[in-house]
Amino acid sequence: MAEESSQGHIPTVIADDVHIVYRVNGTGGGKGSATAALSRIMRRGKGEPRGVRKVHAVRGVTFTAYRGQAIGLIGTNGSGKSTLLRAIAGLLPTEHGSVYTDGQPSLLGVNAALMSDLTGERNVVLGGLAMGMSREEIRARYKDIVDFSGINEKGDFITLPMRTYSSGMAARLRFSIAAAKNHDVLMIDEALATGDRKFRVRSEERIRELRKEAGTVFLVSHNNKTIRDTCDRVLWLEKGELLMDGPTEEVLKAYERETGK
Amino acid sequence: MSDTTHDGGIALSSPPSADEGLSASQLADKYGLTVSGARPGLFAYIRQLWGRRHFILAFSRAKLTAQYSQAKLGQLWQVATPLLNAVVYFLIFGIILGTARGMSKEVFIPFLVTGVFVFTFTQSSVMAGVRSISGNIGLVRALHFPRASLPVSFSLQQLQQLMYSMIVLLAVTVAFGSYPALSWLLVIPALAMQFLFNTGLALVMARLGSKTPDLAQLMPFVMRTWMYASGVMFSIPVMLADKPQWIADVLQYNPAAIYMDLVRFALIDGYGSENLPQHVWAVGLAWSLVVGVVGFVYFWKAEERYGRG
Chain A
0 MAEESSQGHI PTVIADDVHI VYRVNGTGGG KGSATAALSR IMRRGKGEPR
50 GVRKVHAVRG VTFTAYRGQA IGLIGTNGSG KSTLLRAIAG LLPTEHGSVY
100 TDGQPSLLGV NAALMSDLTG ERNVVLGGLA MGMSREEIRA RYKDIVDFSG
150 INEKGDFITL PMRTYSSGMA ARLRFSIAAA KNHDVLMIDE ALATGDRKFR
200 VRSEERIREL RKEAGTVFLV SHNNKTIRDT CDRVLWLEKG ELLMDGPTEE
250 VLKAYERETG K
Chain B
0 MSDTTHDGGI ALSSPPSADE GLSASQLADK YGLTVSGARP GLFAYIRQLW
50 GRRHFILAFS RAKLTAQYSQ AKLGQLWQVA TPLLNAVVYF LIFGIILGTA
100 RGMSKEVFIP FLVTGVFVFT FTQSSVMAGV RSISGNIGLV RALHFPRASL
150 PVSFSLQQLQ QLMYSMIVLL AVTVAFGSYP ALSWLLVIPA LAMQFLFNTG
200 LALVMARLGS KTPDLAQLMP FVMRTWMYAS GVMFSIPVML ADKPQWIADV
250 LQYNPAAIYM DLVRFALIDG YGSENLPQHV WAVGLAWSLV VGVVGFVYFW
300 KAEERYGRG
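Chains as they are written, first to last, in numbering that gives the first Met the number 0: chain A, 0 to 260; chain B, 0 to 308.
Since the hints were derived computationally from the structure, they do not count as laboratory data. A hint or two may mislead.
Here are the simulated BS3-like pairs of lysine-lysine, each with C-alpha atoms no more than 25 angstroms apart in a straight line [stated by the list, open to error]:
no., chain 1, residue 1, chain 2, residue 2
1, B, K210, A, K53
2, A, K224, A, K197
3, A, K180, B, K62
4, A, K252, A, K224
5, B, K210, B, K300
6, A, K153, A, K142
Could you build all of it, start to finish, from the sequences and the hints given here?
Listed below in C-alpha cells is the structure:
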C-alpha cells in the first residue's frame, strides 16, 4: 500500500455503476427450426423483440483505480471479468453508468487482428499496426518481438504461415506482439498461462516491465499465485456484481474459503 | 477495509480526504479523466482514420493475400477468377441468349466483360461492407481503432482485386480490336468515383449489418436484381426501346450503370458518347460525393456502439 500513497492517489480509472448487457440473437423459442423462428417474429410484441435474449453480464460495478496499482480480477467462470475489462477499455458500450479513464486503456490482446494464412512476419507488422504502432516503431521493434517469441529458435518459422505453428508457438508470437507496446492503463486477460515454462518466466518478467511503465494494470487470472505475485489490490466479481474489493491477501482468502480450496 | 463500494466510495485504506464526497463525474473532472469509448468529433475522427491509413492498407492487402494462400496456384487466382467469370457470362449471354442486339462482337464482348467487372467491384464492396463489422466483432472488441477502418479497408481490398481484373479486361479489349489510346486514361477518374461511391455504400451497409446480420443473407438477392437492372449484359436504351422513356432513364442514371458506361466509353472504340446519357460525368461525381459523404457521417454516428454486436 505504500506504493500508491507515495504517488499521491491520482485516479486513472473510475467505474461508476457500470451495467453491461449482451443481446444474443436466435435463442428464444426453444426449438431451433425455421417455423419456430417465424412464429417468434409473428408474435413479436411491443418493446424488446422476442427472439433476442438479454444477458446481463455486469451489474452495477463501481470502483476507482489509482496510478501505480496492479489490480487483480477474480471470480468463477462467467462472472463478468473479461466483460468488465472490455467496458473499461471502451470496447463494449455500457448499458447504464459510465467509465472514466486517463488516456486510452488497452487490452493486451491482438489475436483477433492476426490472420492464420499469413506468415508470422506479416502478422507482426499487421498486429503492430492494429495496435496503433507506426511503421517505424514496428521496424525498430521487429527483431525484439521475434527474438522474444523464440519462434526462430527451431529454424526459420517466422516466414511460414501462422496456421503451420503449434498452438504454443502461435500463443507465444501473439503474446510477443501484444506486449511490444507500452500502455498507460494495461489490461491483461489470462495471457500469462501460454507457452512452456521458459517462455512463461520470460513473459512474467515482461509483464512486470510493462507494469512499471504503465500507470495502472488490470489482470484477470484464475491462478491465485499469479495474482499474489503481481497485484496489490483485488476485485472479486460474482454473477456480474462486485462482491469484494480490497488488498490482495484479504480478498483471496475469502475467495479461497468460498470456492473451497 | 474490504467493503464493497456500491456508493462510489474509495475502497483502499488510506483515504484521500480532499476527494471524499465527490461524485464519480466530479472526480473524473478534477483529474481530467474522460469517458472511455466516447465518440470523437467528426473532424477528429477523420484525423484518427488518416492516422490509421497504414493499418487500413496493410489489413486490406493481408485479406487479399490470405484469400488464395491455400490454393496451389496461389495468387494466380487473382487473375484467373475474373477471367473465368468473364468466360461464363460470355457463354450464357453472348452465345446462348444473344443479348448483343445489334452490337458487333468487337464491341459486345468488351462491353460485357467491362460490365461484369465494374459491377462486381460495387457488388463485392457492398457484400464485404455488410460483414465488415459483424464478421470482425472479435477485432472490434479487442482493439481500439476508428471502426470505419474496417469497411474502408474492405473497399480497398476490392479496389486491389479490381486492378487484377483490369489486367484481364485490358487484354480482352485489345484482343477485340480496341487499342490503347489517350481515352483509356479516363478509366482512372471513373474508377476513382466508383471507389468513393462503393466506400460510402459499404459504410452504410456496415452500420446496418452490425445491427442486423440478416442483411448478409438478403443482400445477394438485392445485388442480383440491381445487376440485371443496370444493363451489365445488354444496352439499356436498346433493350427498353419499346418501353416508356422514363424507365430507361431511371436505369441509366443509376450509379452502377453510370460507372459501367464511363469505363466502356473510355476503353471501347465502338462505344461512343451517343450511348451515354447526358451529363454522365457530373452525375457520376454527384453519386460518389453524396453517397461517400453521407455514408461516412452515417457510420460515424454510431461509432461508440459497434462493440455491442
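Going through the numbered hints above, which ones does this structure break? Give me the numbers in ascending order. none
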